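> Okay, here's what each chain looks like letter by letter:
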Amino acid sequence: MLSYALLVHAAPYSEQGALSALRFAQAAVAQGHRVSSVFFYRDGVHNASTLMAPPQDEVHLAEGWRALAQEHGTELLVCIAASLRRGLMNAEEGVRHGREAHNLEPPFVLTGLGQLVDAMQANDRVITFAP
Amino acid sequence: MMLHLLNRSPQFDGLYWDLSEAFGADDHLLLIEDACYAALPAAAASLAAFGGRVSVLSEDAESRGLLGRLSDDVALVDMAGFVALTATFPHSLSWF
Amino acid sequence: MQDDEAALAADTPIAPLDLLVILRHPPHGSSWLREGVDVALVAAAFGQSVGLLFQGDGVFALVEGQRAGPLGQKGTHAQLAMLEMYDIERLWVSASALRARGLTPADLMLPVQLLEADALERLVHAQPHTLLF
Numbered sequence: 001m002l003s004y005a006l007l008v009h010a011a012p013y014s015e016q017g018a019l020s021a022l023r024f025a026q027a028a029v030a031q032g033h034r035v036s037s038v039f040f041y042r043d044g045v046h047n048a049s050t051l052m053a054p055p056q057d058e059v060h061l062a063e064g065w066r067a068l069a070q071e072h073g074t075e076l077l078v079c080i081a082a083s084l085r086r087g088l089m090n091a092e093e094g095v096r097h098g099r100e101a102h103n104l105e106p107p108f109v110l111t112g113l114g115q116l117v118d119a120m121q122a123n124d125r126v127i128t129f130a131p
Numbered sequence: 001m002m003l004h005l006l007n008r009s010p011q012f013d014g015l016y017w018d019l020s021e022a023f024g025a026d027d028h029l030l031l032i033e034d035a036c037y038a039a040l041p042a043a044a045a046s047l048a049a050f051g052g053r054v055s056v057l058s059e060d061a062e063s064r065g066l067l068g069r070l071s072d073d074v075a076l077v078d079m080a081g082f083v084a085l086t087a088t089f090p091h092s093l094s095w096f
Numbered sequence: 001m002q003d004d005e006a007a008l009a010a011d012t013p014i015a016p017l018d019l020l021v022i023l024r025h026p027p028h029g030s031s032w033l034r035e036g037v038d039v040a041l042v043a044a045a046f047g048q049s050v051g052l053l054f055q056g057d058g059v060f061a062l063v064e065g066q067r068a069g070p071l072g073q074k075g076t077h078a079q080l081a082m083l084e085m086y087d088i089e090r091l092w093v094s095a096s097a098l099r100a101r102g103l104t105p106a107d108l109m110l111p112v113q114l115l116e117a118d119a120l121e122r123l124v125h126a127q128p129h130t131l132l133f
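Top line first, the protein sequences correspond to chains A, B and C. Letter by letter, the first sequence follows residues 1 to 131 of my numbering. Letter by letter, the second sequence follows residues 1 to 96 of my numbering. Letter by letter, the third sequence follows residues 1 to 133 of my numbering.
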């Protein structure tokens, strides 16, 4: 059994990369590996949007990620700098920036790039999924 | 020993060139997403640098209508095989 | 410190770093370069030894004479000028990428080590952690 960290740069639905990452994560845990964390960077941060509402006949990526967190304890880490630039914020950041809404909630967690550096050191494998 | 993941079609020839520079004798290349098109016989030149150490993700090839059209030199792996490759090779590097 | 002109000799050992960041994208047109350098800077700030490899259009990141674009588009030249402050001093450049773009080390804003394909392959394989942007 190995521990994996995934790095996701791909935006949901625009590119296959986000879907590939979720498929890979599901296959890895099915084989008994641990997917300790998924770090969302660049346009990958949009995977974390609470407001994601795909048509019913399409996979719901955010729900897929949430299920991974709930069922397998995977940390869903979202780069805060990449998120704020792109208009993604949790309740705390919403207040801090004086906004009436927020669109990122647990189990997605806003965090810094230091967590990516830590995840690289802490896991046996780091796999990148890009657009 | 390194596993290289590639997701762009052979029309990105600069990407294939950069990958070939980093590709070592014990390395393996896995074609995913649009890189599946590199597994067509007509695209053989784009894979020439990788010495036959190339696989393609079967579900991505299948969804693109490529099963039955693929070069014999490229091995098919399913998603479980993709995970197994990342476990076998201590390092993975994604090219995009 | 580094030899600007000659490519790394085939038998020169390459020491592993904590992190190698490969940069393949040019400045301004996308944020790949900026967000890749950000990772390198953060890793270095966390005390890791970090090196950068410029490949493909990534070599344009080093071209002398860059400036901010309109609407305050920052570019990355200022960020790269800070590398030394973060102790990121190992900068490698694909020799073929530079040649293919009609550039020489004299066109670049920082001293670099050129790598031919065999040395580039050895560099990548010597590293425990590599990220590509």
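Take these hints with a grain of salt, some might be off.
Partial list, derived from the structure: chain A residues whose beta carbon lies under 7 Å from chain B [stated by the list, open to error]:
hint : residue
1    : Leu2
2    : Gln16
3    : Ala28
4    : Gly32
5    : Arg85
6    : Asn103
7    : Arg125
8    : Ile127
9    : Thr128
10   : Ala130
Negatives, chain C to chain B, calculated, CB over 10 Å [unchecked claim]:
hint : residue
11   : His28
12   : Gly29
13   : Leu41
14   : Gly75
15   : His77
16   : Leu83
17   : Leu91
18   : Ser96
19   : Val124
The set of hints was computed from the structure by calculation and includes no laboratory data. Keep in mind that this is a model prediction, so the values were computed, not measured. Even glycine gets a Cβ: it sits at the ideal position worked out from N, Cα and C.
> Each hint should be assessed against the structure and marked as holding or not.
Each hint tested on the structure:
| no. | hint | verdict |
| --- | --- | --- |
| 1 | Leu2 | holds (6 Å) |
| 2 | Gln16 | holds (5 Å) |
| 3 | Ala28 | holds (5 Å) |
| 4 | Gly32 | violated (10 Å) |
| 5 | Arg85 | violated (21 Å) |
| 6 | Asn103 | violated (27 Å) |
| 7 | Arg125 | holds (6 Å) |
| 8 | Ile127 | holds (5 Å) |
| 9 | Thr128 | holds (4 Å) |
| 10 | Ala130 | holds (4 Å) |
| 11 | His28 | holds (18 Å) |
| 12 | Gly29 | holds (14 Å) |
| 13 | Leu41 | holds (21 Å) |
| 14 | Gly75 | holds (22 Å) |
| 15 | His77 | holds (22 Å) |
| 16 | Leu83 | holds (21 Å) |
| 17 | Leu91 | holds (17 Å) |
| 18 | Ser96 | violated (7 Å) |
| 19 | Val124 | violated (4 Å) |
In summary, the numbered hints that this structure violates are 4, 5, 6, 18, 19.
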